[in-house]
Amino acid sequence: MKPPIRVLVAKPGLDGHDRGAKVIARALRDAGMEVIYTGLRQTPEMIVNAALQEDVQVIGLSILSGAHNAIVPRVMELLREKQMDDVKVVVGGIVPDQDATALKAQGVAAVFQPGASLEGIVNFIRGATNTAI
Amino acid sequence: MKTAERQFTTISGVPVEPVYGPGEYRNPEPGDFPYTRGIHRDMYRGKLWTMRQFSGFATPEETNRRYRYLLEQGQTGLSVAFDLPTLMGYDADHALSEGEVGKCGASISSLEDMEILFRGIPLGEVSVSMTINSPAAVIWAMYLAVAEQQGVEWSMLNGTLQNDILKEYIAQKEYIFPPRESMRLVTDTIEFGARNTPKFNPVSISGYHIREAGSTAVQELAFTLRDGMEYVEAALERGLAIDDFAPRLSFFFNAHSDFFEEIAKYRAARKIWAHAMRERYGAKNERSWKLRFHAQTAGCSLTWQQPYNNVVRTALQALSAVLGGAQSLHTNSLDEAYALPSEHAVTIALRTQQVLAYESGVASVADPLGGSYFLERLTLDSESAANEYIGRIDAMGGMIAAIEAGFPQTEIALASYRYQCEVESGQRTIVGVNRFQSDEPPIELLQIDEGAGERQIAKLAALRSRRDNGRVQRSLDALRRAAEATENTMPYLLDAVRAYATLGEICEALRGVFGTYTETSHI
Numbered sequence: 001m002k003p004p005i006r007v008l009v010a011k012p013g014l015d016g017h018d019r020g021a022k023v024i025a026r027a028l029r030d031a032g033m034e035v036i037y038t039g040l041r042q043t044p045e046m047i048v049n050a051a052l053q054e055d056v057q058v059i060g061l062s063i064l065s066g067a068h069n070a071i072v073p074r075v076m077e078l079l080r081e082k083q084m085d086d087v088k089v090v091v092g093g094i095v096p097d098q099d100a101t102a103l104k105a106q107g108v109a110a111v112f113q114p115g116a117s118l119e120g121i122v123n124f125i126r127g128a129t130n131t132a133i
Numbered sequence: 001m002k003t004a005e006r007q008f009t010t011i012s013g014v015p016v017e018p019v020y021g022p023g024e025y026r027n028p029e030p031g032d033f034p035y036t037r038g039i040h041r042d043m044y045r046g047k048l049w050t051m052r053q054f055s056g057f058a059t060p061e062e063t064n065r066r067y068r069y070l071l072e073q074g075q076t077g078l079s080v081a082f083d084l085p086t087l088m089g090y091d092a093d094h095a096l097s098e099g100e101v102g103k104c105g106a107s108i109s110s111l112e113d114m115e116i117l118f119r120g121i122p123l124g125e126v127s128v129s130m131t132i133n134s135p136a137a138v139i140w141a142m143y144l145a146v147a148e149q150q151g152v153e154w155s156m157l158n159g160t161l162q163n164d165i166l167k168e169y170i171a172q173k174e175y176i177f178p179p180r181e182s183m184r185l186v187t188d189t190i191e192f193g194a195r196n197t198p199k200f201n202p203v204s205i206s207g208y209h210i211r212e213a214g215s216t217a218v219q220e221l222a223f224t225l226r227d228g229m230e231y232v233e234a235a236l237e238r239g240l241a242i243d244d245f246a247p248r249l250s251f252f253f254n255a256h257s258d259f260f261e262e263i264a265k266y267r268a269a270r271k272i273w274a275h276a277m278r279e280r281y282g283a284k285n286e287r288s289w290k291l292r293f294h295a296q297t298a299g300c301s302l303t304w305q306q307p308y309n310n311v312v313r314t315a316l317q318a319l320s321a322v323l324g325g326a327q328s329l330h331t332n333s334l335d336e337a338y339a340l341p342s343e344h345a346v347t348i349a350l351r352t353q354q355v356l357a358y359e360s361g362v363a364s365v366a367d368p369l370g371g372s373y374f375l376e377r378l379t380l381d382s383e384s385a386a387n388e389y390i391g392r393i394d395a396m397g398g399m400i401a402a403i404e405a406g407f408p409q410t411e412i413a414l415a416s417y418r419y420q421c422e423v424e425s426g427q428r429t430i431v432g433v434n435r436f437q438s439d440e441p442p443i444e445l446l447q448i449d450e451g452a453g454e455r456q457i458a459k460l461a462a463l464r465s466r467r468d469n470g471r472v473q474r475s476l477d478a479l480r481r482a483a484e485a486t487e488n489t490m491p492y493l494l495d496a497v498r499a500y501a502t503l504g505e506i507c508e509a510l511r512g513v514f515g516t517y518t519e520t521s522h523i
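These protein sequence lines are chains A and B, in that order.
Per my numbering, the very first residue in the first sequence carries number 1; after that it's consecutive.
Per my numbering, the very first residue in the second sequence carries number 1; after that it's consecutive.
Since the hints were derived computationally from the structure, they do not count as laboratory data.
Fair warning: this is a prediction, and the values are worked out from it, not measured in the lab.
Every clue listed holds true.
Below, in silico cross-link-like pairs of lysine to aspartate or glutamate (DMTMM-like), each with a Cα-Cα straight-line distance of 25 Å or less:
hint: 1; chain 1: B; residue 1: K284; chain 2: B; residue 2: E29
hint: 2; chain 1: B; residue 1: K199; chain 2: B; residue 2: E237
hint: 3; chain 1: A; residue 1: K104; chain 2: B; residue 2: E98
hint: 4; chain 1: A; residue 1: K82; chain 2: B; residue 2: E98
hint: 5; chain 1: A; residue 1: K104; chain 2: B; residue 2: E450
hint: 6; chain 1: A; residue 1: K104; chain 2: B; residue 2: E444
hint: 7; chain 1: A; residue 1: K2; chain 2: A; residue 2: D85
hint: 8; chain 1: B; residue 1: K284; chain 2: B; residue 2: D394
hint: 9; chain 1: A; residue 1: K104; chain 2: B; residue 2: E440
hint: 10; chain 1: A; residue 1: K104; chain 2: A; residue 2: E77
hint: 11; chain 1: B; residue 1: K284; chain 2: B; residue 2: D42
hint: 12; chain 1: B; residue 1: K199; chain 2: B; residue 2: E233
hint: 13; chain 1: A; residue 1: K104; chain 2: B; residue 2: D439
hint: 14; chain 1: A; residue 1: K104; chain 2: A; residue 2: E45
hint: 15; chain 1: A; residue 1: K104; chain 2: B; residue 2: D449
Please model the entire structure based on the sequences and the hints provided.
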């Protein structure tokens, strides 16, 4: 049996709306993954450090404040600096289509917009980490 | 699905019978204790609800233009949205503000920004609601200072400060200081208001954010009312007399999608509060017994898919607030699952209220659904379920103790996950999302000018070099001393903002005295 997928669910920026992050964390855990939730107001540095410490395969960033264009590129840059390019980054929240396209061009694996299903997110993460169900 | 397989529950999971019959539902008239049927006998004939759209974005200059537009369109009050740096007590030029300035609301770092925000708006005539919590006392001091500049007596000011820190720990999470220190600041504003601003609501005890975080209707009701009791108890402990401050406590509820459940919630809220104020706290003034509330339609019910459906959702939710006797109302705009509303979208939202008020006829009669077997049953059930929660929180030693134990936070997280699983399994339908999907052309959205942050930072730099920095330091030192002692901080905050000390500088001084709060996260 393969070891479970390890996921860091992170809440960057000043926003405190954590309903989505908590629901996702619980859904991933119910799907058999090991989930580490950072809590609120994490800087990109704190998130990448936590990802390194916890040796995760996936980072999920929950952003609803519109600050994704400032935060996500910084996370990607830090991952490259630390040679953690193999860590998959997924973003969930209020991200307009054109921003989602731009973030994916910078290496974000997926952007989940409002209405995305939990099942779809779980399946994407399983596929992206190449772990059999 | 066949009827036999379906479960019939409210959106909060309360089972619903196929039909309801007569019962012992005799409520006193509207305007009579315990106000289940409304706080006024003539209800909206006497005064229509205030149409108050929550609004703010980018710089204070741009937000000021939106306010003037809304007032020209027939809006009757203002409601200020602040951006995240302001809500967290950081200036626009703080490192943590990068990328966030003006995104979720107007950026306010100093009295100068507040002067611009209300330029040309007579504060003696327009009532203003401000959604600000941790730094509420500071922003209120700025507001009072602008009123002074406009030559408006504080005693003439109408408006509301949200200033409800307890629901921040429970749900919205925009906190700075630890709970007990925060409660001291809230109590300072209640005390200052009781002496200086007899027509201003210093606190708006808010269930809105609790519901948005995923609570049930009953949790929203119970946690909000229990928060209210916590503020009452803190003010009594300060030595204030109940009837000197209780009439100015106001409430703010969510208007969610389950039509009858929401109306029942408002009716039960008035009844529970009236009894608590009279019996638990011994209030003698009937104005202390009356629960007045603002309602906002449920942001979390808006869908990104098929956004025009949101106009319909909002209209139904707004109708429930009106039938439930709201004093003031915000209707969400159809594009708010994407962004802050465009002018076009916010106009439709305001027109929705105007259609309800002037075309539908529902404003002619007080509590028009009173006596509905179903609604009366739901009202009684909501009341008893909420009272049970309130009893549990009392047994824990009050709301601060319950928050420190993670109780309301965990209850809400469980409820929100349960709801999401119901949506996921198809047990609960969301039109356009998990059923009846179709593609729609994209809608036009408000773009927040990325230059807003730079303009705010430049303005702040100019202010810091122009002002009397010695006076700023003296005012901050005096504030620190007052905060360390037990003096009311409001006069010191007023001195500091008049000297153009910034929001960030003032909050930093208070952080030094009070410390900061980090929650233990429960998933």
